[in-house]
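K.L.:
Protein chains in written order, with numbering that gives the first Met the number 0: chain Y, 0 to 287; chain X, 0 to 327; chain P, 0 to 255.
In case anyone wonders, no lab produced these hints; they're calculated from the structure.
We treat Cβ as the ideally placed atom computed from N, Cα and C, and that holds for glycine.
Among these hints, one or two may not hold up.
Not the full set, but computed from the structure, chain X residues with beta-carbon under 8 Å of chain Y [what the hints assert, rightly or not]:
id, residue
1, Leu119
2, Tyr123
3, Ile126
4, Ala127
5, Leu129
6, Ile131
7, Leu133
8, Ala134
9, Asn141
10, Ile250
11, Ile285
12, Gly291
13, Ile294
14, Val299
15, Arg326
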Amino acid sequence: MQLFWQDLVNGILVGGIFAVVALGFSLVWGIMNIINLAHGSFVMLGAYTAYVLFSTWNVDPFLSIPVAFVLLFVFGYCVQRFVINFVVRAPILTTFLLTFGLSLLIVNFALLVFHGDVKGITTQYSGSNFSIGSVTIAWVKLWTLLVALVITALMQLWLTRSKTGRAIRAMAMDIDAAQLSGVRVAHLYAVVFGLGAGLAGAAGVLVSLSYSLQPSMGDPFVITAFVVCVLGGLGSVQGALVGGLIFGVLEAFGSQYIGTGLQDAVALVVLLIVLILRPRGLLGKAGA
Amino acid sequence: MRPGRALGALGGITGNANALRVTVAILILMVFVPMLHSGYYENLGRGVLMFATLSLGWNLIGGYTGYVSFGNVVFFGLGSYTTAALWQHWHQQSIVLAVICAMVVGVAFALVLGMPILRLRGHYFGIATLGIALATQEIVSNVDWLGAGSGFTVRPVDAYSTYYYAMWIVCAASMLATYLIARSKLGYAFVAIRENEEAAAVLGVDPTRYKVIAWAISAAMAAAAGAVFAGANGFIDPPTAFALDNNVFPIVMVILGGVGTVAGPLVGALILTAINETLWSHFPQIHTLFFGAVIVVVVVFLPRGILWLFNTRGGWKGVAGSLGAYRV
Amino acid sequence: MSGEAFLSIENVAMHFGGLHALDDVSFEVERGSVLGLIGPNGSGKTTLMNIVSGVFKPTYGSVRFNGKRIADVPTYAVCRLGIARTFQVVKPFANLTVRENVAVGAMYGRNGGRRSANASFERAQELLEIVGLARVADRHASDLTIPDRKRLEVAKALALDPEVLLLDEVMAGLNATEVDEALDLLRTVNGRGVTLIVVEHLMKAIVSISTTIVVLAEGKKIAQGAPAEVLASPRVIEAYLGTRYANRQRQREAQP
Chain Y
0 MQLFWQDLVN
10 GILVGGIFAV
20 VALGFSLVWG
30 IMNIINLAHG
40 SFVMLGAYTA
50 YVLFSTWNVD
60 PFLSIPVAFV
70 LLFVFGYCVQ
80 RFVINFVVRA
90 PILTTFLLTF
100 GLSLLIVNFA
110 LLVFHGDVKG
120 ITTQYSGSNF
130 SIGSVTIAWV
140 KLWTLLVALV
150 ITALMQLWLT
160 RSKTGRAIRA
170 MAMDIDAAQL
180 SGVRVAHLYA
190 VVFGLGAGLA
200 GAAGVLVSLS
210 YSLQPSMGDP
220 FVITAFVVCV
230 LGGLGSVQGA
240 LVGGLIFGVL
250 EAFGSQYIGT
260 GLQDAVALVV
270 LLIVLILRPR
280 GLLGKAGA
Chain X
0 MRPGRALGAL
10 GGITGNANAL
20 RVTVAILILM
30 VFVPMLHSGY
40 YENLGRGVLM
50 FATLSLGWNL
60 IGGYTGYVSF
70 GNVVFFGLGS
80 YTTAALWQHW
90 HQQSIVLAVI
100 CAMVVGVAFA
110 LVLGMPILRL
120 RGHYFGIATL
130 GIALATQEIV
140 SNVDWLGAGS
150 GFTVRPVDAY
160 STYYYAMWIV
170 CAASMLATYL
180 IARSKLGYAF
190 VAIRENEEAA
200 AVLGVDPTRY
210 KVIAWAISAA
220 MAAAAGAVFA
230 GANGFIDPPT
240 AFALDNNVFP
250 IVMVILGGVG
260 TVAGPLVGAL
270 ILTAINETLW
280 SHFPQIHTLF
290 FGAVIVVVVV
300 FLPRGILWLF
310 NTRGGWKGVA
320 GSLGAYRV
Chain P
0 MSGEAFLSIE
10 NVAMHFGGLH
20 ALDDVSFEVE
30 RGSVLGLIGP
40 NGSGKTTLMN
50 IVSGVFKPTY
60 GSVRFNGKRI
70 ADVPTYAVCR
80 LGIARTFQVV
90 KPFANLTVRE
100 NVAVGAMYGR
110 NGGRRSANAS
120 FERAQELLEI
130 VGLARVADRH
140 ASDLTIPDRK
150 RLEVAKALAL
160 DPEVLLLDEV
170 MAGLNATEVD
180 EALDLLRTVN
190 GRGVTLIVVE
200 HLMKAIVSIS
210 TTIVVLAEGK
220 KIAQGAPAEV
230 LASPRVIEAY
240 LGTRYANRQR
250 QREAQP
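The following block holds chain Y by itself, in its conformation from the complex:
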């Protein structure tokens, strides 16, 4: 029974990261109708940003979060504005393949620069934890969850309150109407994509705190993000949060009872079940 609670807690803790990853993915998918297969590589870049800052200047990873966010935002903005934009309204195959190609480019570039060996970040507080009853909680994971929640909340606020945020939501509803009202769609599209990348980068930093780094580490996150979006519904911040938490818990239980190393299989089964039973997602509309 104790294992149950431990798994549950672990699942929730990691679910926060999934939520942030999924949020960026969901924004891009929901607003621009692009399924960004390079999203995982953005997560990876965020993680390596933290690694570089930590190993070179001993910057605490939590402080790297804004840095990674900004760096990835700019990167994502440029990628969208100068590359993806050419095919942003094309059929799915085109954008799928384009982002897939970008992903290959990015991952292999990282492979060249950072080499394939596994790296990690170990801070002073990495190993410390506390206990509630028979459940052990690592401080790092708890902080990670809190940061994730903060990021999610900030995103929600920004989208609903800020001028740009509202313009983006208008654009999502009707791109032609928005364009006619003077909304600079090309710029906003790039902003949205940049946000998606920035969020992925921030999530990457969070990942680097508890997991090891490798250029290919981002791949499973695309599947995760997709499953979370399907679970939680597209285009909603709450959906990404709830979906992320649920998925984290499912994975934790899956690892426990089916075996580690089968995370992808668990993700896939969850995805299939949800798609078959409720194609609209548990909370909202799961996209076209």
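Once you've looked at the hints, dock chains X and P against the given chain Y.
P.N.:
Okay, now just chains X and P, sitting in the frame of chain Y:
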């Protein structure tokens, strides 16, 4: 007067007729490669044939039917493992048996998984197939009967060139099948789904049924290629069987050669293999990097394949036009 | 006349939650006739079309075709019922030629099972001649003009060998000459034995082609009959032009 099959500018759904004739000629010439008595060229040629088969398979579901699969490597892997299992557990070396069993396994897998996931639209199918490929690799790594993480050796048939000819037959059969399908009612069902799935349904085409059929045929092709590969390679383990290259390259090859044509896959396989070989010898480190760049360039500038450039409706003006059409 | 009606709509109601799109609509369609379905925007015409073609299942009531109930039918099975439909937003198979577009219908429509690919192309050519598209048979569908695209829609629907053809606002976007040509085409189609149900906003067109007209307003049937009598009906005028106009009209008629 019998109205001919409409051969519009793109050559109907079989593709440009001249390109097809040239490609078939090249295919026939490739039969003679083993007679060069060069291990290097035989391996290279076998590789081209293997990739061409994988591309032909992908072309059916991705090109003709418009459902992008990011996981067709799973059928290749299952086919490879069929050969490996046949040898390890039943001491069967026969290539023919391996290919047939592999196709059965591949088709069964596609039918079982296809029914649920092909019910949905393109987006979901794409990622679901990616998930399937990753998940299957994981599962196989954990199953002892299939050699788990360390894999199996496969004792090759003594006459090594047999594998070359086997791969040639698999490739030629796949190309013939594609040609026949493209000219038949089945081919039109696929294309109708790609062009407008709802309109196709209105005209009586059951989308799920035909999507599954397309995927199953592509599975059979990939599995057959995998079955032959395993014997030729002599060794199969999860990373080899489910290699990312075998998943991605076929897609790029088809796009480069021309999506939804009969000749496209082989053309793309030839061009990209040639480029790959050149790169390998000069810049071994960056060849996957290069492929990422190729995908990006091809998708943005040449979405209809290289033959589009030589087409009256296409040409450089067509490229410029398509650049403008999709941007914001 | 045989006992069973050809196509009968019986007490059909369609409720989407609290919204009553259709309420207690009943009428019969005679084989070989042309039924015009008119009504102001939002009166439920498209919903009714969806129900007759089996896409929606009515909340109450039923549609009987040749004696059999049309229930919840998946889209691809609709044509096997003998019912075909054109859509307001035409979406042809852009990368196929005009002939290939129609051939798909001939291959998979009601009689498709018995047709080979070659026979389907021959049938497509026949239909293209009937609708007047033979001259562009080898052009890509994406190259057609709007009136030609509409002809293509009709040809594709005919390829399904339907007994009943539902035409949803097929005249939209056509100029006066094109409308006349379209009407001629519809008359030809009807002359070949296909029963037509035409949804249209263009009064002149509906009047000139329909044998019977059914008028819907706010989900209810408010009139049915021959064109002239339906259009003179005060209820219909009121539905379209408003109560004030109807009152003024009555006053005018009351004056000596």
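K.L.:
With reference to the structure, classify each hint as holding or not holding.
P.N.:
Hints versus structure:
The beta carbon of Leu119(X) comes within 6 Å of a beta carbon in chain Y, closer than 8 Å, and the hint placing it at the interface holds. A hinted interface residue such as Tyr123(X) counts as satisfied when its beta carbon comes closer than 8 Å to some beta carbon of chain Y; here the least separation is about 6 Å, so the hint holds. Contact between Ile126(X) and chain Y, as hinted, is supported at the beta carbon level, the nearest pair being about 5 Å apart and thus within 8 Å. Residue-level restraint check for Ala127(X) holds (minimum Cβ-Cβ distance to chain Y is 6 Å; threshold 8 Å).
For Leu129(X), the interface hint holds, the least distance from its beta-carbon to any beta-carbon of chain Y being 7 Å, beneath 8 Å. Contact between Ile131(X) and chain Y, as hinted, is supported at the beta carbon level, the nearest pair being about 6 Å apart and thus within 8 Å. The closest approach between the C-beta of Leu133(X) and any C-beta of chain Y is roughly 4 Å, which is under the 8 Å cut-off, so the hint is satisfied. For Ala134(X), the interface hint holds, the least distance from its beta-carbon to any beta-carbon of chain Y being 4 Å, beneath 8 Å.
For Asn141(X), the shortest C-beta to C-beta distance to chain Y is roughly 6 Å, which falls under 8 Å, so the interface hint holds. The beta carbon of Ile250(X) comes within 7 Å of a beta carbon in chain Y, closer than 8 Å, and the hint placing it at the interface holds. Interface hint status for Ile285(X): upheld, as the beta-carbon distance to the closest one in chain Y is roughly 7 Å, under 8 Å. For the restraint placing Gly291(X) at the interface with chain Y, the shortest Cβ-Cβ distance is roughly 3 Å, inside the 8 Å limit, so the hint holds.
Given hint, Ile294(X) at the interface with chain Y, holds; its Cβ is 3 Å from that chain's nearest Cβ, closer than 8 Å. The beta carbon of Val299(X) is positioned within 8 Å of a beta carbon in chain Y (closest approach about 5 Å), and the interface hint is therefore held. Interface hint at Arg326(X): satisfied, since its Cβ lies 5 Å from the closest Cβ of chain Y, which is below the 8 Å cut-off.
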